[in-house]
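> Protein chains in written order, with the working numbering: chain A, 1 to 340; chain B, 1 to 337; chain C, 1 to 341.
Honestly, the hints are just simulated from the structure, not real lab data. There could be a bad hint or two in this list.
Stated by the list, open to error - Here are the simulated BS3-like pairs of lysine-lysine, each with C-alpha atoms no more than 25 Å apart in a straight line:
(1) C:K335 with C:K272
(2) A:K205 with A:K175
(3) C:K335 with A:K267
(4) C:K34 with C:K89
(5) C:K124 with B:K252
(6) C:K90 with B:K252
(7) C:K34 with A:K267
(8) B:K61 with B:K77
(9) A:K243 with C:K335
(10) A:K135 with A:K177
(11) C:K129 with B:K252
(12) A:K175 with A:K134
(13) A:K175 with A:K89
(14) A:K89 with A:K177
(15) A:K177 with A:K128
(16) C:K89 with B:K252
(17) C:K335 with A:K270
(18) A:K270 with C:K34
(19) A:K43 with A:K177
(20) C:K34 with C:K10
(21) C:K89 with C:K124
(22) C:K272 with A:K205
(23) A:K205 with A:K243
(24) C:K34 with C:K90
As the list claims (entries may be wrong) - Quick list of simulated restraints, FRET-style, between CB atoms:
(25) B:D248 with A:P288: 37 to 47 Å
(26) A:F42 with C:T303: 50 to 60 Å
(27) A:G132 with C:R267: 28 to 38 Å
(28) A:R272 with C:E153: 30 to 40 Å
(29) C:P292 with A:A30: 48 to 58 Å
(30) A:H156 with B:F193: 50 to 60 Å
(31) C:E153 with A:G79: 46 to 56 Å
Unchecked claim - Covered by chain B, according to a simulated footprint, are these stretches of chain C (three or more residues, beta-carbon under 8 Å):
(32) 77 to 89
(33) 98 to 104
(34) 115 to 126
All values derive from a computational prediction rather than experimental measurement. All residues carry an ideal CB built from backbone N, CA and C; glycine is no exception.
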Amino acid sequence: MSENEPLLSVRNVEKHFPVTAGLFKRQVGAVKAVDGISFDVFKGETLGLVGESGCGKSTTGRLVTRLLEPTGGAIDFEGRDITHLSQGKLRPLRRDMQMIFQDPYSSLNPRHTVGAIVGAPFRIQGVKTDNGVKKAVQEILELVGLNPEHYNRYPHEFSGGQRQRIGIARTLALKPKLIIADEPVSALDVSIQAQVVNLLEDLQKELDLTYVVIAHDLSVVRHISDRVAVMYLGKIVEIAERKRLYSSPMHPYTNALLSAVPVPDPKARKERERIRLKGDVPSPLNPPPACRFHTRCWKAQEICKTVEPPLESLASGHSVACHFPENAPVAATADTAGKD
Amino acid sequence: MLTYIIRRFIGAIAMLIVISMVTFGIFFVVPQWAGSTPEAMASRYVGRAATPETVHLVAQKLGFYDPVIVQYGRFAKGIVAGAEYDYGAGVEQCPAPCFGYSFISGQPVWPDLLDRMPVTFSLAIGAALLWVLGGVSVGVLSALRRGTFFDRLSMGTALAGVSLPIFFTGMLSLVVFSYGLGWTPPGGSWTDFTENPAQWAYNLLLPWITLAFLFAATYARLTRAGMLETMGEDYVRTARAKGLTERDVVVKHGLRAALTPILTLFGIDFGLLIGGAVLTETTYTLPGLGQFAILAIRNQDLPQVMGVVLFAACFVVVASLIVDLLYAWVDPRVRLS
Amino acid sequence: MSFLDVKDLKIHFPTDDGLVRSVDGLTFGLERGKTLGIVGESGSGKSVTSLGILGLHKGGRAKISGEIWLDGEELVSAPAEQVRGLRGKKMAMIFQDPLSSMHPYYTVGHQIIEAYRIHHDVSKQVARKHAVDLLGRVGIPEPANRVDSYPHEFSGGMRQRAMIAMALSCDPELLIADEPTTALDVTVQAQILDLMRDLQREFNSALIIITHDLGVVAELADDILVMYGGKCVEYGSTDEIFYSPEHPYTWGLLGSMPRLDREPTERLLPIKGSPPSLINVPPGCAFHPRCPYADRTEGRASTEVPDLAPTERGHLVRCHMPRTERRTLWENEIKPVLETQ
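Hey, can you work out the whole structure from these sequences and the hints?
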């Protein structure tokens with residue numbers, strides 16, 4: 001695989017859940033949870049996926065790992081189309097693609113020992129290990145900062161942070177190439193969040209992992225990602241290299257999101273210029289036409305209500321779907337999207 | 001909301017049709033698979049001494065040679081619109097709902113069922129009132145005083161109530177209160193409500209209590225579990241934070257939510273009971289539907305058995321329909337989904 | 001004496017596994033029109049504190065001691081009925097999850113009307129009008145129609161607004177908000193924080209905001225109290241806590257947060273280990289097993305509970321390290337690292 005070829009490529013992927021009503025459960029519409037999104041994930045990088053509830057970021061994670069089947073579009077993994085693979089054919093793929101879930105309490109089977117949980121992927125995939133499964137599991141436990149002696153303990157004997165480490169250990173068992181982490185730290189205490197974020201970063205370096213991190217917390221996403229995609233109501237509205245997105249966001253929604261995050265600096269609260277969006281996110285069952293953000297956007301014009309803005313690259317590595325983008329890319333084009 | 005009601009109604013009607021088919025199948029189709037001939041079935045209607053020719057003739061008249069679907073159609077029409085039987089000596093009308101004629105008495109089944117209904121209704125309604133009031137209040141108190149002596153005593157009693165069969169508690173109560181102490185009338189006493197309400201209640205007192213004891217036990221345990229859960233809910237904490245008195249917190253916020261699963265159970269229990277409190281009626285020799293069913297089965301009186309089965313099934317369906325509608329009224333979230 | 005004065009508040013729960021010291025000797029004060037932020041992780045005792053002030057700490061089983069003075073009235077020793085009369089009227093609470101905190105079977109209006117009529121002898125019509133006014137005041141569009149909606153028919157942000165309307169129904173002088181925005185989206189959180197700030201100005205109430213999010217307290221609070229293992233470890237003005245914190249736990253919290261307002265560092269500076277369970281709080285300084293400076297206390301860290309002592313700047317810190325050493329550590333080691341973030 002060449003350097004420029006993406007590990008994961010998502011093209012116009014859609015997921016519409018049918019909505020039924022009436023006496024005979026006729027389909028009257030669809031929840032367009034994900035409505036035509038495209039992005040690439042390159043080997044060794046971390047792509048952050050942020051957005052508010054109902055924006056489709058979790059659905060995207062489930063589509064990419066094929067826990068859900070897309071209703072449209074195509075997903076390529078390592079150059080191979082996996083969009084409609086059958087469950088049987090997906091199995092070898094599951095070794096290469098793993099998922100970390102949000103809730104470290106409900107995603108671990110309380111009746112299984114840590115050894116059984118972390119060792120399960122070996123057994124399910126029938127993988128032979130050099131010194132037996134137990135040895136392999138203990139090595140992984142050590143890798144994620146758990147005591148290998150805890151092999152025979154049960155999940156309830158661990159704290160939330162440790163449980164999330166167990167969850168991470170399980171995904172690492174088969175040396176995956178891509179890890180999708182869906183809100184990996186949002187259920188954890190502040191001091192523990194930092195531990196897990198650091199762990200994810202260390203593991204990435206050590207094992208040459210590629211991440212898609214799905215989160216609502218913009219600060220966590222900024223810390224961990226190389227590139228960030230912002231989603232709103234099933235669409236990607238902006239995708240850019242991390243530094244660019246946070247320093248010169250182009251989409252009004254991204255601006256509003258960044259401005260809404262409370263900053264732990266009491267003096268800055270008086271000086272900060274705030275953008276306050278009105279209302280809540282509209283229902284994905286009946287999203288506004290054309291630009292979906294126009295109902296809450298302070299820059300919206302007539303055209304926003306009639307013509308849907310395409311996701312266009314306005315600067316290198318910086319695409320935005322807006323008729324009136326901010327931070328117009330006059331000087332921005334000169335900048336290269338290098339990693340910092 | 002309206003589509004919800006309509007959908008439930010259609011569901012209930014479909015269920016009734018299925019039940020009638022199954023009942024018909026069990027009583028008319030399955031015997032034929034098992035090797036019974038139309039003649040053998042017809043011979044039941046004419047008695048043992050009939051000649052083969054008579055039997056053949058009756059089988060023909062009753063339509064036992066027709067295809068199954070035609071037979072079911074006739075059966076269903078009898079229930080909905082009534083039937084006509086031509087016995088040669090003129091046509092006999094069997095008004096709807098027609099379940100046919102008893103083998104033993106030769107009387108139509110439905111009026112017989114009607115006669116028995118007041119007994120079973122009286123028994124079921126009285127007992128239901130007792131067990132709901134008793135079970136729910138004991139359950140609530142137990143939940144509020146979890147771990148106290150009262151809680152342990154009532155839950156121990158409830159366990160006994162669930163595990164002791166009615167023919168045991170019933171007999172025991174008769175022996176002690178009727179024959180021993182003489183406080184209550186002996187088994188088999190029945191007075192119509194319209195005749196003498198006081199006597200009616202007095203006669204039914206013991207069956208009510210015995211039957212209620214059995215059910216109250218389940219309801220007390222279920223209420224206790226439900227209350228323990230809802231009283232720990234966030235909205236109950238909110239109710240307290242508003243400054244509501246503890247009584248209002250328990251009744252308006254805790255109990256209201258805890259009662260919904262009990263409502264479902266009640267609908268099914270009550271429906272089943274209307275179909276015949278077989279053990280209770282047998283134990284206390286009350287002339288209700290349960291006793292009717294036992295007699296019909298013992299006499300192999302096919303039309304009577306079928307009548308009582310269909311009637312009971314109808315009641316369960318109707319009761320659960322009412323419960324579904326009540327549920328939607330109680331819990332607004334049901335209306336939406 | 002302040003409007004709210006809490007003195008040596010202790011709330012202990014006897015359990016089969018031992019005594020849970022959820023709140024273990026907490027002292028603080030709050031004036032009308034001011035906001036106190038109580039910051040802590042799970043199991044720090046911050047939520048039990050708020051429930052304790054309202055008298056909602058599971059009455060019979062908990063042991064509560066100390067004093068809570070609200071506008072000259074002592075609540076710990078007061079009869080339950082007296083405290084109930086104050087709840088919802090003089091002191092009210094906003095909870096974390098507005099969906100589970102509102103009764104699913106009653107309309108939003110019903111629940112606000114109920115809250116109002118407990119303390120005011122008015123007709124349903126008058127209370128209903130009051131409810132509509134309140135819903136409008138907290139920014140719910142078409143309040144006259146929405147008053148008859150059920151909580152599940154509201155969006156998350158609307159529900160929290162309705163919850164606030166319910167808490168405000170009797171003009172409480174003390175308002176306690178327990179993680180009021182944790183369950184909400186970022187843009188909605190910003191709206192709710194703005195609303196709370198405006199309403200507090202308007203009603204001049206005393207506000208306690210309980211949260212794990214330092215960003216939220218930085219936005220709203222005048223004073224901050226940091227809790228750990230049931231005790232206050234640092235208490236001072238918001239500026240003091242953010243710009244010259246002296247407790248290693250506070251340093252750890254600041255270092256753990258990825259921040260949007262500064263350049264990202266290579267690595268976050270987490271606190272090692274996990275928060276203690278309240279059933280098994282470490283002896284001595286509860287933080288010592290996680291503290292990187294525990295070896296600088298001449299062995300007292302694990303044996304002796306440090307006093308909550310005032311600094312020369314007037315804020316309170318519970319730490320064995322000498323004051324000068326803490327100042328030096330902060331100025332030379334912690335602050336420079338945090339600043340580069």
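> Taking the hints in turn, state whether each one holds.
Against the structure, the hints:
The suggested pairing of C:K335 with C:K272 holds, with an alpha-carbon distance near 19 Å, which does not exceed 25 Å. This hinted pair checks out: A:K205 and A:K175 have alpha carbons roughly 13 Å apart, not beyond 25 Å. Note on C:K335 and A:K267: the hinted pairing holds, with a Cα-Cα distance of about 16 Å set against a maximum of 25 Å. Taken as a hint, the C:K34 and C:K89 pair is honoured in the structure, with Cα atoms around 19 Å apart against an allowance of 25 Å.
Of the pairs offered as hints, the one joining C:K124 and B:K252 holds, with about 17 Å between alpha carbons and a cut-off of 25 Å not exceeded. Note on C:K90 and B:K252: the hinted pairing holds, with a Cα-Cα distance of about 23 Å set against a maximum of 25 Å. At roughly 17 Å between alpha-carbon atoms, C:K34 and A:K267 fall within 25 Å of each other, so this suggested pair holds. This hinted pair checks out: B:K61 and B:K77 have alpha carbons roughly 16 Å apart, not beyond 25 Å.
Restraint check for A:K243 and C:K335: satisfied, since their Cα atoms lie roughly 24 Å apart, inside the 25 Å limit. Taking the CA atoms of A:K135 and A:K177, the gap is about 22 Å. The hint holds against a cut of 25 Å. As the CA atoms of C:K129 and B:K252 are separated by approximately 23 Å, the hinted pair is consistent with the 25 Å bound. The suggested pairing of A:K175 with A:K134 holds, with an alpha-carbon distance near 16 Å, which does not exceed 25 Å.
The suggested pairing of A:K175 with A:K89 holds, with an alpha-carbon distance near 19 Å, which does not exceed 25 Å. Between A:K89 and A:K177 the alpha-carbon distance is near 18 Å, which keeps this suggested pair within the 25 Å criterion. Only pairs whose Cα atoms come within 25 Å are accepted, and A:K177 paired with A:K128 is accepted, the gap being roughly 19 Å. Under the criterion of a C-alpha separation no larger than 25 Å, the hint pairing C:K89 with B:K252 is consistent with the structure, at around 20 Å.
Only pairs whose Cα atoms come within 25 Å are accepted, and C:K335 paired with A:K270 is accepted, the gap being roughly 22 Å. Using a Cα cut-off of 25 Å, the hinted pair A:K270 and C:K34 holds, with the two alpha carbons roughly 17 Å apart. Between A:K43 and A:K177 the CA atoms are separated by roughly 8 Å; this keeps the pair inside 25 Å, and the hint holds. At roughly 24 Å between alpha-carbon atoms, C:K34 and C:K10 fall within 25 Å of each other, so this suggested pair holds.
A hinted pair counts as satisfied when its Cα atoms are at most 25 Å apart, and C:K89 with C:K124 qualifies at roughly 18 Å. At most 25 Å may separate the alpha-carbon atoms for a hinted pair to count; C:K272 and A:K205 meet this at roughly 21 Å. At roughly 20 Å between alpha-carbon atoms, A:K205 and A:K243 fall within 25 Å of each other, so this suggested pair holds. For the given pair, C:K34 sits about 16 Å from C:K90 by alpha-carbon distance, which is consistent with the 25 Å threshold.
For the pair B:D248 and A:P288, the beta carbons lie near 43 Å from each other, so the given range of 37 to 47 Å is met. Between A:F42 and C:T303 the C-beta distance comes to about 54 Å, which sits within the given range of 50 to 60 Å. Checking the proposed 28 to 38 Å range against A:G132 and C:R267 shows it holds: the Cβ atoms sit about 35 Å from each other. Between A:R272 and C:E153 the beta carbon distance is about 34 Å. The supplied range of 30 to 40 Å therefore holds.
Against the hinted window of 48 to 58 Å, the Cβ-Cβ separation of C:P292 and A:A30 comes to about 54 Å, which satisfies the hint. At about 59 Å, the beta-carbon gap between A:H156 and B:F193 stays in the expected band of 50 to 60 Å. Look at C:E153 against A:G79: about 47 Å separates their beta carbons, and that is inside 46 to 56 Å. Counting residues of the stretch 77 to 89 of chain C whose CB lies closer than 8 Å to any CB of chain B gives 6, which reaches the minimum of 3, so the coverage claim holds.
Only residues whose beta carbon comes within less than 8 Å of a beta carbon in chain B count, and the stretch 98 to 104 of chain C has 5; three or more means the coverage holds. Only residues whose C-beta sits within less than 8 Å of a C-beta in chain B count toward coverage, and the stretch 115 to 126 of chain C has 3 of them, enough to reach three; the restraint holds.
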